[in-house]
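Number of protein chains: 2
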Amino acid sequence: MKIETPTLLIDKSKVESNIQSMLNKIDSNTIFRPHFKTHQSAIIGEIFKEKGVDKITVSSVSMAQYFSGNGWNDITIAFPVNLLEVDSINELAKKVKLNILVESSFSAEFLHKNIYESIGVIIKIDTGYNRTGLIENDPKIDSILEIISSNNKLTFKGFLTHAGNTYDAVGRIEILAILEESRSKLSNLKQKYISRFPNIIISYGDTPSCSICDNFDGFDEIRPGNFVYYDVMQYHIGSCSLSNIAVAVACPIVSTHKSRSEIVIYGGAVHFSKEYIAADNEFRLFGYIVRVNENGWGNPISGAYLKSISQEHGIIKVPDDIFNEFLPGDIIGILPIHSCLTADLLRKSSLIIN
Amino acid sequence: MKIETPTLLIDKSKVESNIQSMLNKIDSNTIFRPHFKTHQSAIIGEIFKEKGVDKITVSSVSMAQYFSGNGWNDITIAFPVNLLEVDSINELAKKVKLNILVESSFSAEFLHKNIYESIGVIIKIDTGYNRTGLIENDPKIDSILEIISSNNKLTFKGFLTHAGNTYDAVGRIEILAILEESRSKLSNLKQKYISRFPNIIISYGDTPSCSICDNFDGFDEIRPGNFVYYDVMQYHIGSCSLSNIAVAVACPIVSTHKSRSEIVIYGGAVHFSKEYIAADNEFRLFGYIVRVNENGWGNPISGAYLKSISQEHGIIKVPDDIFNEFLPGDIIGILPIHSCLTADLLRKSSLIIN
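Chains as they are written, first to last, in this note's numbering: chain A, 4 to 357; chain B, 4 to 357.
Please note that a few of the clues may not be correct.
Same chains, same names: a pair is fine if it fits in one copy or spans any two.
Straight-line alpha carbon distances no greater than 25 Å define the calculated DMTMM-like cross-link-like pairs of lysine to aspartate or glutamate that follow [to be verified]:
1) Lys100 with Glu120
2) Lys97 with Glu112
3) Lys54 with Asp220
4) Lys116 with Asp333
5) Lys100 with Glu7
6) Lys54 with Asp223
What the hints contain is simulated information worked out from the structure, not anything from laboratory work.
Quick caveat: nothing in here was measured; it's all calculated off a predicted structure.
Could you build the full structure based on these sequences and the hints that come with them?
Here it is as structure tokens:
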């Protein structure tokens, strides 16, 4: 393993195991449509494909184009449709089964006038996250359905939510409560509209709840994404163990400062983004520290953590008694706080191991 | 201006004016070696070149390679030397006048054994930021000088500091106090070593202090970078006015939510990074909002701000009374919190205007 600059190490056997664990929980009545925004990688996509996955979720038209070019042909863009990309959406829909998300009559009307290819339309429902989507009893749902139904290129596919509020939850009970609320709201919607649209589905999925829940009854589709790699944030939420984390960033040590027991690495905001976990007394955790070896990495070093990052630098605090083990020119590993953003930044500097 | 996805708008006339304002403050005895990590752009580099700049600072070997390939041949890599890239450093030093930073005998020793080309060596001094560098009376300075002096490929160039603690300062007085501390410490070092190394220089530079200070006497070189674009963080520190900010991210509006007076944009952490300014009651500011027109953008909209971002989404709060002015498919502009990180993320999606 010859590493000179910050490099995302992807442990393939952990990736396979994370995917398999999720698959084991999903029965054959439930569609598994994993979100590929976490890895954005055709190679990681192949691992899913080998396990029988043939439907995916992405969060942008450009990601849909990328995966379409890599043999995926059933794609949901789980993002409120960007009307400015309607030409690209028409182009994509010629090649793949494409689903897009709508949450306003305005956008539905625009699509009605500007979509020339067959396309699936999903209404985004806000079950409590308050970021995007319509609440379950919003009369706009009927207005949208009226517009969609009047156009034979647009097929109403169902309702979808992303309960991102699980990221602010602590522990199993809070997360499962959020999941149950979503299950109830989406199921009610399905009941309400199933007679008019017999094929509609309800789609759910975020890594915390999909990792913790063992029973997806009622949902027709689930779409977690982050679980493929997991990260320190998911560990803190309670979605995974530290050993499930399938990515670490290998970083060169460039300096050591004994007086404050700190190590400076080449590895900063342009590699990790600036996500952190905050605690009392202005403590910020930007990542756990692991030793990297030929086969991957070990458990986090107790008492060591990435305490701050600037554009290219990271500062690691290490316990005094092991300070002397680290020298400029060594490689050290960082378990990232948010693997989606880290993987996005290191797409062109990654290495699959195991 | 046809924009479909998040795009960094770079206002060329503001860039020119920001560069000119800095140049106006620097007399002919002071080397101006701007930091190019902010823009990382050959095109923006040309604007500096037209104004007579021929020496630059970068923060990585890859950035040095990029600018070397674009006609720059006097480059300082202002980052503790990454020993793992010594081969690339030797290669680069064949082509350009290259300076690298050292802050340990260990790294100096390694360079002594592994550098085959003529290269300038600068010792990084920590004048109070506590990130990298040696304190001014550290005996390691002499050890490093001894090693460097024994090798005829390595030329000691002087002392450099980055007083990044100005980013935590508030207002003119605090920032200038930090600058004076650095000037004093670096000047003392120069005095101490000038007889032995008659050509050494002392190099200083961060955007807050270089923007506020009008007198660089004593410094031989200054290296600000962010000032080329500025950003909301610099405005908050007091380094610039809002009208100096030379970049805005044009983002498609994808949804609007009247009940909470919020607008959802395509534009998130993968475009802005996750830098924010925090205030009381968990308020977070991820950017100011501007209207975009053919000639650029206007003043920030009073009462509107980017309140949160996830991977691809941003949520903008707007005042109730102007809510109806915004529709899906419109473009809105965001003045970023940290232009260096935003420009890094949008290197391939930028547009120079004016």
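Tested hints:
1. Lys100 with Glu120: within (10 Å within a copy, 57 Å between copies)
2. Lys97 with Glu112: within (21 Å within a copy, 61 Å between copies)
3. Lys54 with Asp220: For Lys54 and Asp220, only the intra-copy Cα distance (22 Å) is at most 25 Å; the inter-copy one is 67 Å.
4. Lys116 with Asp333: between (59 Å within a copy, 17 Å between copies)
5. Lys100 with Glu7: between (42 Å within a copy, 22 Å between copies)
6. Lys54 with Asp223: Intra 19 Å, inter 62 Å, cutoff 25 Å: intra-copy only.
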